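J.: Using the sequences and the accompanying hints, generate a full structural model.
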Amino acid sequence: MQQFFIVLCLVLMVLAGGAAVMFRSMLKSSISLAVASALLAAVLFLMGAYWASIFELSVCSGLITVVFVSAVSLTNTDRCSEVRVREHKARVAVLPAILIFAGAALLFILFNSDFNIVASATPASFSAFKEALWSLRQADILGQIIVILAGTFAVIVLFKERDNI
Amino acid sequence: MITFATISFLGLPLLAILLLNIVRKETGGTISINIGFVVSIIQMIAAVVCLSLLWLHGKDFIEFSLFWDMNATLGSARFSVDLFSLVVLFCIGMVSLASLLTAKKTIGAKALNYTNLLMVIMLGMNGIAVVTDLFSLYVFLEITGIASFVMIALLHDKRGLEGAFKYLVMSAIASALILGSLALIFTQTGSLVYGDVANALADWRNAQYAPLLVVAFVAFIAGFSIKAGIAPFHGWLPDAYQSAPASVSVLLGGIVTKMAGVYAIIRVLNSVFVSMPMINQTLLILGLISIVFGAVAACGQRDFKRILAYSSISQIGYIIIGIASGSLLGFVGAMLHFFNHATFKTTLFVNSAAVEAQTGTTDIDQLGGLQARMPVTAVSSILAFLSMAGIPPLAGFWSKLLIIIAVWQSASVAGGAIALAASIFTAAYFLILQRKVFFGPLEDHLTEITEAKGTISLAAVLLSIVTVAFGVLFPVILNFLHLQGIL
Numbered sequence: 024m025q026q027f028f029i030v031l032c033l034v035l036m037v038l039a040g041g042a043a044v045m046f047r048s049m050l051k052s053s054i055s056l057a058v059a060s061a062l063l064a065a066v067l068f069l070m071g072a073y074w075a076s077i078f079e080l081s082v083c084s085g086l087i088t089v090v091f092v093s094a095v096s097l098t099n100t101d102r103c104s105e106v107r108v109r110e111h112k113a114r115v116a117v118l119p120a121i122l123i124f125a126g127a128a129l130l131f132i133l134f135n136s137d138f139n140i141v142a143s144a145t146p147a148s149f150s151a152f153k154e155a156l157w158s159l160r161q162a163d164i165l166g167q168i169i170v171i172l173a174g175t176f177a178v179i180v181l182f183k184e185r186d187n188i
Numbered sequence: 147m148i149t150f151a152t153i154s155f156l157g158l159p160l161l162a163i164l165l166l167n168i169v170r171k172e173t174g175g176t177i178s179i180n181i182g183f184v185v186s187i188i189q190m191i192a193a194v195v196c197l198s199l200l201w202l203h204g205k206d207f208i209e210f211s212l213f214w215d216m217n218a219t220l221g222s223a224r225f226s227v228d229l230f231s232l233v234v235l236f237c238i239g240m241v242s243l244a245s246l247l248t249a250k251k252t253i254g255a256k257a258l259n260y261t262n263l264l265m266v267i268m269l270g271m272n273g274i275a276v277v278t279d280l281f282s283l284y285v286f287l288e289i290t291g292i293a294s295f296v297m298i299a300l301l302h303d304k305r306g307l308e309g310a311f312k313y314l315v316m317s318a319i320a321s322a323l324i325l326g327s328l329a330l331i332f333t334q335t336g337s338l339v340y341g342d343v344a345n346a347l348a349d350w351r352n353a354q355y356a357p358l359l360v361v362a363f364v365a366f367i368a369g370f371s372i373k374a375g376i377a378p379f380h381g382w383l384p385d386a387y388q389s390a391p392a393s394v395s396v397l398l399g400g401i402v403t404k405m406a407g408v409y410a411i412i413r414v415l416n417s418v419f420v421s422m423p424m425i426n427q428t429l430l431i432l433g434l435i436s437i438v439f440g441a442v443a444a445c446g447q448r449d450f451k452r453i454l455a456y457s458s459i460s461q462i463g464y465i466i467i468g469i470a471s472g473s474l475l476g477f478v479g480a481m482l483h484f485f486n487h488a489t490f491k492t493t494l495f496v497n498s499a500a501v502e503a504q505t506g507t508t509d510i511d512q513l514g515g516l517q518a519r520m521p522v523t524a525v526s527s528i529l530a531f532l533s534m535a536g537i538p539p540l541a542g543f544w545s546k547l548l549i550i551i552a553v554w555q556s557a558s559v560a561g562g563a564i565a566l567a568a569s570i571f572t573a574a575y576f577l578i579l580q581r582k583v584f585f586g587p588l589e590d591h592l593t594e595i596t597e598a599k600g601t602i603s604l605a606a607v608l609l610s611i612v613t614v615a616f617g618v619l620f621p622v623i624l625n626f627l628h629l630q631g632i633l
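So the protein sequences, as listed, match chains A and B.
Quick note on our numbering: the first sequence kicks off at 24 and runs consecutively.
Quick note on our numbering: the second sequence kicks off at 147 and runs consecutively.
Hints listed in this document are in silico derivations from the structure and should not be mistaken for laboratory results.
Mixed in with the good hints, there may be bad ones.
A short, non-exhaustive set of chain B residues, derived as facing chain A with CB atoms under 10 Å [as the list claims (entries may be wrong)]:
no., residue
1, 153
2, 266
3, 273
4, 474
Note that the structure is a prediction, hence the values are computed from the model and not measured.
Note that the Cβ used here is the ideal one computed from N, Cα and C, for glycine as well.
T.: Put into structure tokens, the structure is as follows:
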């Protein structure tokens with residue numbers, strides 16, 4: 024059952040990564056990337072790497088997304104339609120290649136290898152996650168709350184107010 | 147005391163953000179600045195109260211945790227404040243107050259967003275001051291960085307966006323270096339808590355992958371040097387300071403860069419990398435390069451804020467060489483210069499804000515003779531520059547004296563001599579700026595200029611009083627430190 028969830032998360036992660044390439048809006052791309060990171064964190068968690076899971080969730084899904092969103096807001100997104108069409112075609116061509124490659128890799132791991140996908144002997148449990156996040160990483164939870172606030176203010180200042188100028 | 151520290155340094159700014167976003171947008175501007183005043187004043191009072199409690203109870207530090215588990219002591223759940231972190235927490239409150247006083251006259255319709263971001267930056271900096279875990283330190287560094295580059299771009303002007311983008315790019319490089327270093331440390335030591343890592347590194351030469359720890363150390367120093375704007379990692383700093391709105395420049399120049407870079411370096415080196423080789427030599431070289439480069443480069447600038455930016459690079463060098471001396475005297479000197487630099491550099495940025503608000507420019511070639519029209523700004527600027535140049539009896543003299551003696555005593559006579567000689571360049575750019583802006587004949591287009599009244603002048607006066615009082619009372623403070631066995 025655990026293997027099924029791991030594979031499901033990996034497939035969804037590849038899809039989210041593909042969506043990040045496909046989206047025209049850089050903001051949506053950033054959010055897709057954050058979803059992909061969150062799914063990777065879930066995989067790490069299911070495999071028993073709690074600390075890595077928390078770091079992945081904190082850094083890649085949280086901090087890096089905010090940095091991307093802020094960077095997007097500082098970038099000029101007005102481009103001519105021809106460039107957009109050309110880039111869209113390029114993305115359409117890239118996505119199937121990514122999906123085929125990722126799918127082949129997953130199938131190889133599942134059916135043709137001695138590699139044990141569940142690396143940790145320790146079973147994943149909610150209490151372990153809660154203990155790690157709630158008791159050991161208090162400062163990071165507070166940090167995440169503030170990062171969300173900072174990201175919200177960044178969007179308000181750099182996106183919403185720009186439209187009013 | 148534990149609850150008091152938690153509420154004052156972490157709870158109050160969060161509560162302020164909640165309050166700020168409840169008030170109506172139409173009336174939010176003035177109210178938000180006032181809420182900011184309350185938070186920063188309470189932070190200063192809380193830091194003084196905690197310092198007094200430390201002294202009364204004879205403790206070296208206070209430990210505390212967050213609201214949902216006040217007794218947590220493991221991992222990143224443990225926060226700690228000691229003498230140094232309380233001094234910087236006081237500085238954060240003081241500089242935030244000066245920035246708010248400047249913003250009240252200059253920020254206009256952006257007051258609500260400005261105060262929201264200021265509260266986020268305060269939380270980020272307070273976090274840096276109180277955490278005891280390397281990853282938490284990184285998280286709070288990022289919070290400070292994110293809020294800083296949004297603040298630089300607050301007015302949406304081209305210069306601000308360019309400055310913010312440079313800061314963002316350089317900050318991202320620094321973050322990558324620091325994060326890479328953390329990963330290496332974690333793989334080699336199995337922990338990121340300051341004390342645990344320090345214990346694991348005590349015998350680093352016998353570690354299985356000792357060279358990886360050296361790489362981690364180098365990446366750490368490089369990452370934090372970028373954040374601190376130490377030469378030759380300073381590329382982003384002058385542009386960011388120059389292009390930011392006046393009140394944001396006050397904040398960046400007064401405290402943010404020092405917290406994100408200098409404080410983090412001092413804290414981590416003293417708590418984690420104590421046993422690593424060549425720390426003091428590396429820092430001494432970086433510090434001396436910063437002192438000389440910043441001072442020489444400042445002499446060639448033609449913009450008030452840009453001169454102050456290069457001056458910051460130079461003054462940060464003094465703090466770094468104080469730490470590099472490796473002695474208690476040097477550490478105390480560095481800590482005091484941290485406080486003094488926060489005071490006089492904030493004064494000077496408030497002065498530049500006053501000049502910009504009244505004349506519309508910070509180009510020193512377009513200014514001249516302003517001391518007759520803006521006497522409060524001129525006098526406070528002179529006091530701050532005299533303190534920065536290390537002229538007795540002002541505060542900057544004492545901290546520089548302690549640092550140079552400490553470097554001299556640490557068998558680096560050449561280092562002490564270079565630091566002393568660089569003060570000549572400090573005096574040079576001080577004289578250039580004063581002559582160009584405040585002295586000489588009054589320019590024709592400035593005859594109608596008046597003093598920047600209200601809160602900007604109030605900030606300059608208050609900070610000048612601190613500079614003079616701290617300098618005059620310094621022998622008493624030194625004696626107190628001696629009696630307490632700290633020095």
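J.: Are the hints correct? Go through all of them and say.
T.: So, going through the hints one by one against the coordinates:
no. : hint : verdict
1   : 153  : 13 Å, violated
2   : 266  : 5 Å, holds
3   : 273  : 7 Å, holds
4   : 474  : 29 Å, violated
Hint check: violations occur at hints 1, 4; the rest are consistent with the structure.
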